[in-house]
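Visitor: Please work from the sequences and hints to get the whole structure.
This is what each chain is made of:
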Amino acid sequence: MSDRIQDLQKSLSEGLPQCSVEIRRHGGVELISSKENLVGVLAYLREHFGYRHLSHISCVDWLEQNQFELVYILWNYESRIQLFVKVRLARVNGSGISVRHLWPQADTYEREIAEMYGLPFDGNENPRELILEDWDNKPPMRRDFDTRAYSKEAFYDRPGREDAKDVRSVISGRSGEEIPEIAIPYTRK
Amino acid sequence: MEINDKDTLTIVEHIKNFARRHSLFVLAYGTGCGAIEIPPTMTSRYDAERFGIVGRATPRQADVLLITGYLSVKTLKRVIRTYEQMQDPKYVIGFGSCTINGGMYWDSYNTIKVLDQYMPVDVYINGCMPRPESVISGFIKLQQLIKAGKADGWKKYQENLDWYRANQKKVIKNWNMPDYNW
Ligand code: SF4
Numbered sequence: 000m001s002d003r004i005q006d007l008q009k010s011l012s013e014g015l016p017q018c019s020v021e022i023r024r025h026g027g028v029e030l031i032s033s034k035e036n037l038v039g040v041l042a043y044l045r046e047h048f049g050y051r052h053l054s055h056i057s058c059v060d061w062l063e064q065n066q067f068e069l070v071y072i073l074w075n076y077e078s079r080i081q082l083f084v085k086v087r088l089a090r091v092n093g094s095g096i097s098v099r100h101l102w103p104q105a106d107t108y109e110r111e112i113a114e115m116y117g118l119p120f121d122g123n124e125n126p127r128e129l130i131l132e133d134w135d136n137k138p139p140m141r142r143d144f145d146t147r148a149y150s151k152e153a154f155y156d157r158p159g160r161e162d163a164k165d166v167r168s169v170i171s172g173r174s175g176e177e178i179p180e181i182a183i184p185y186t187r188k
Numbered sequence: 000m001e002i003n004d005k006d007t008l009t010i011v012e013h014i015k016n017f018a019r020r021h022s023l024f025v026l027a028y029g030t031g032c033g034a035i036e037i038p039p040t041m042t043s044r045y046d047a048e049r050f051g052i053v054g055r056a057t058p059r060q061a062d063v064l065l066i067t068g069y070l071s072v073k074t075l076k077r078v079i080r081t082y083e084q085m086q087d088p089k090y091v092i093g094f095g096s097c098t099i100n101g102g103m104y105w106d107s108y109n110t111i112k113v114l115d116q117y118m119p120v121d122v123y124i125n126g127c128m129p130r131p132e133s134v135i136s137g138f139i140k141l142q143q144l145i146k147a148g149k150a151d152g153w154k155k156y157q158e159n160l161d162w163y164r165a166n167q168k169k170v171i172k173n174w175n176m177p178d179y180n181w
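Which chain is which? The protein sequence lines are A and B, in order.
Just so it is clear: in the first sequence, position 92 is 91 by numbering that gives the first Met the number 0, and no numbers are missing.
Just so it is clear: in the second sequence, position 30 is 29 by numbering that gives the first Met the number 0, and no numbers are missing.
Quick caveat, the hints were computed from the structure, so don't treat them as lab data.
A couple of the hints might just be wrong.
[To be verified] The calculated DSSO-like cross-link candidates involving lysine-lysine, where the alpha carbons are at most 27 Å apart (straight line), are:
1. K172/B - K73/B
2. K168/B - K155/B
3. K172/B - K137/A
4. K146/B - K169/B
5. K164/A - K137/A
6. K151/A - K164/A
7. K169/B - K155/B
8. K151/A - K172/B
9. K169/B - K151/A
10. K168/B - K137/A
11. K9/A - K85/A
12. K137/A - K169/B
13. K137/A - K140/B
14. K73/B - K151/A
15. K137/A - K151/A
16. K151/A - K168/B
17. K140/B - K155/B
Guide: Shown next as structure tokens:
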């Protein structure tokens with residue numbers, strides 16, 4: 000297995016000199032591309048390396064570096080080696096490039112990223128809502144979106160107890176039940 | 000409930016409640032993870048049908064609406080629509096900690112935390128997820144409440160419709176549903 004991965008890494012670095020290719024984890028190869036080359040790289044991998052299947056597009060929010068990272072996860076049915084193609088994009092006013100013409104299913108992932116991270120895709124303008132409905136706040140998966148503060152403000156909270164007392168005996172007493180012997184050692188004092 | 004021989008209405012009500020509590024038709028609709036506990040409750044091992052608990056396909060045929068877990072705002076809208084289409088008398092059972100206080104989704108941007116702010120709940124069943132035994136015990140609690148004439152969430156909903164509506168509209172921003180009135 001690892002021989003085949005090393006062979007793949009070698010032929011990828013020869014075929015795509017503008018990208019850096021590394022073996023990052025067991026059974027996976029990582030390829031870092033620039034935004035300009037991305038579509039060409041993906042098409043090349045698809046045509047010449049048998050990466051016919053796009054498993055997923057995922058997005059990472061690098062808040063400190065002010066960047067978004069898109070990870071295209073590709074799968075080769077013959078060699079059974081997973082490939083991660085990564086590209087960094089500007090976080091403010093940045094945009095990705097749609098690969099719907101290569102893989103129609105990319106549409107779903109692009110819609111999700113556009114909705115959850117607020118990252119638009121050139122070539123996939125005005126995507127329909129995917130999961131959220133009538134959302135008018137900051138895209139919720141961005142790291143600077145404070146979900147706790149939002150939920151405190153938007154939804155009612157049921158007041159609860161502040162202490163951490165064990166109330167099992169009180170509750171079981173209400174219906175005349177007894178705490179079974181095996182549970183007694185785990186009773187909090 | 001007191002049976003007053005002279006007051007026939009009370010007797011009629013008593014008989015009605017007897018009939019109601021022994022034929023609880025449950026709407027086959029699940030939200031959240033909790034719906035996974037319904038099949039074992041209904042099938043041979045726990046066999047909820049011996050208590051008269053039967054599944055029904057459409058809201059207009061059902062008496063009981065189970066909220067089996069967390070409700071996202073998007074689902075809440077559909078649930079309210081479903082609840083309003085059900086015929087009186089109707090009962091709501093809230094399943095699991097998510098419906099009581101948010102459970103593990105207490106800080107989520109997209110799920111409501113306290114169900115009884117948005118619709119009347121007759122019985123809560125705690126646990127994450129409640130086992131079929133507690134589900135059945137929740138149903139029996141509901142039957143006791145019906146017997147005592149205390150399961151009147153649907154009346155409360157009609158009486159306090161404005162309050163419920165205000166809460167619902169606070170989270171559902173695009174309210175494009177028919178406004179029922181009774
Ligand atoms: S209470 Fe637990 S099992 Fe039920 S919906 Fe919430 S997380 Fe899921």
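Visitor: Now tell me if each hint is right for this structure.
Guide: Evaluated hints:
1. K172/B - K73/B: At roughly 10 Å apart (the allowed maximum being 27 Å), K73/B and K172/B satisfy the hint.
2. K168/B - K155/B: holds, 18 Å
3. K172/B - K137/A: holds, 15 Å
4. K146/B - K169/B: Distance of about 35 Å is beyond 27 Å: violated.
5. K164/A - K137/A: The given pair, whose Cα atoms are some 39 Å apart, is violated under the 27 Å limit.
6. K151/A - K164/A: holds, 25 Å
7. K169/B - K155/B: Given pair K169/B, K155/B holds - Cα atoms ~20 Å apart, limit 27 Å.
8. K151/A - K172/B: holds, 17 Å
9. K169/B - K151/A: holds, 13 Å
10. K168/B - K137/A: holds, 20 Å
11. K9/A - K85/A: holds, 18 Å
12. K137/A - K169/B: holds, 18 Å
13. K137/A - K140/B: violated, 43 Å
14. K73/B - K151/A: holds, 18 Å
15. K137/A - K151/A: holds, 16 Å
16. K151/A - K168/B: holds, 17 Å
17. K140/B - K155/B: holds, 19 Å
The earlier numbered hints that this structure contradicts are 4, 5 and 13.
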